[in-house]
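Q: Given the coordinates of chain A, work out where chain B should sit on it, guided by the hints.
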Amino acid sequence: MNEEMMATGELVSTPATIKQDMRELRDNPAYGFDRLLDVTAVDRGETFEIVYRLNSLKTGRDLVVKVALPIASPNLPSLADLWESALFGEREVQDMFGIVFEGHPDPRPLLAPEDGFGFFPLRKSYVLPGRSGQPSGR
Amino acid sequence: MEVTTAEKQLLAAQDPQSRLSELLGPDNVIVTSVEQVLAWAQGHSFWPLTSGLACCALEMMACGAGRYDLARFGYEVFRPSPRHADLLIVAGTLTWKMAPPLVRLYEQMPESKWVIAMGSCAIGGGPFVDSYSVVPGVDQLLPVDVYIPGCPPRPEALMHGMLTLKEKVMAAKRRGGKK
Chain A
2 MNEEMMATGE LVSTPATIKQ DMRELRDNPA YGFDRLLDVT AVDRGETFEI
52 VYRLNSLKTG RDLVVKVALP IASPNLPSLA DLWESALFGE REVQDMFGIV
102 FEGHPDPRPL LAPEDGFGFF PLRKSYVLPG RSGQPSGR
Chain B
286 MEVTTAEKQL LAAQDPQSRL SELLGPDNVI VTSVEQVLAW AQGHSFWPLT
336 SGLACCALEM MACGAGRYDL ARFGYEVFRP SPRHADLLIV AGTLTWKMAP
386 PLVRLYEQMP ESKWVIAMGS CAIGGGPFVD SYSVVPGVDQ LLPVDVYIPG
436 CPPRPEALMH GMLTLKEKVM AAKRRGGKK
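Those sequence lines, one after another, are chains A and B.
Numbering of the first sequence is given in my numbering, commencing with residue 2 and proceeding in unit increments.
Numbering of the second sequence is given in my numbering, commencing with residue 286 and proceeding in unit increments.
So that you can see chain A by itself, here it is in the shape it has in the complex (with noise of 0.2 Å):
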């Protein structure tokens, strides 16, 4: 929320006030983020971190919204009800990171089967196991 922020075209934001950040860059004409691009997640090893991509369309402008998570506890508030992009996006990353976001209208998995892959593909921690059942060489 500074200039900084439109300096580096990035923002650091926390899990408790990413709502309010990201209310205030969509409403504020100051910033105008009308376009909620992608939704994205890193696994850090002691982190999580969700990578929201926003662009205006009326200054042209792109920013990086990164927020980090503690493994142990990964819930994060829906953006479903301020872009409708987040819809798909949150669910791809809800599949492949296993992260709860709270208030999702529409919660079900958008990649893995009805009943979820019963793991998270993307997590570090997710090894990939071989035809025979043992890990497969990497």
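Hint data in this document are derived by calculation from the structure and do not stem from the laboratory.
Glycine included, each C-beta is placed from N, C-alpha and C at the ideal position.
Hints may contain errors.
Have a look at the derived ranges for each label pair, beta carbon to beta carbon [said to hold, decoys possible]:
id: 1; chain 1: A; residue 1: R54; chain 2: B; residue 2: M346; range: 32 to 38 Å
id: 2; chain 1: B; residue 1: M346; chain 2: A; residue 2: G10; range: 40 to 46 Å
id: 3; chain 1: B; residue 1: L343; chain 2: A; residue 2: R109; range: 28 to 34 Å
A: Frame of chain A, contents of chain B only:
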């Protein structure tokens, strides 16, 4: 003198060495069973379900189009409804997400029905066999009758697979088997 097709057939029927003569017998009568006639009809007119999962489906489409002309064999009637189809060509990579709808399509098809696994992915998961999201071979979920190797198989291979299935259908009926 010009010989018409009908006359050729007549001559062939009179020739004791010809296959037609063998079929028709001396009185131009075919003796067979209902099962054999049905198998002959089924084997010569599969109605495949219009379904494709990946790039193999493009080869399947090419097979049905003019250059390869699957209609020559009587197999071109791709049905958009499983209720009208008797052949499921699994053309492409089956993911665990897609597996329940595909099995449901198979279950919606009326008996008697057959399954062709087309391409490496359908046969055994192909290059994605180690993936967490891909079914390593559709024969884990469906009873496969014919496997067509290739990545993807060319249209000729699909034709050969369907003709192989024809042999299988007709041979099973000759033996009096169920399928």
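Q: Which of the listed hints are broken here?
A: Hint check: nothing fails, all pass.
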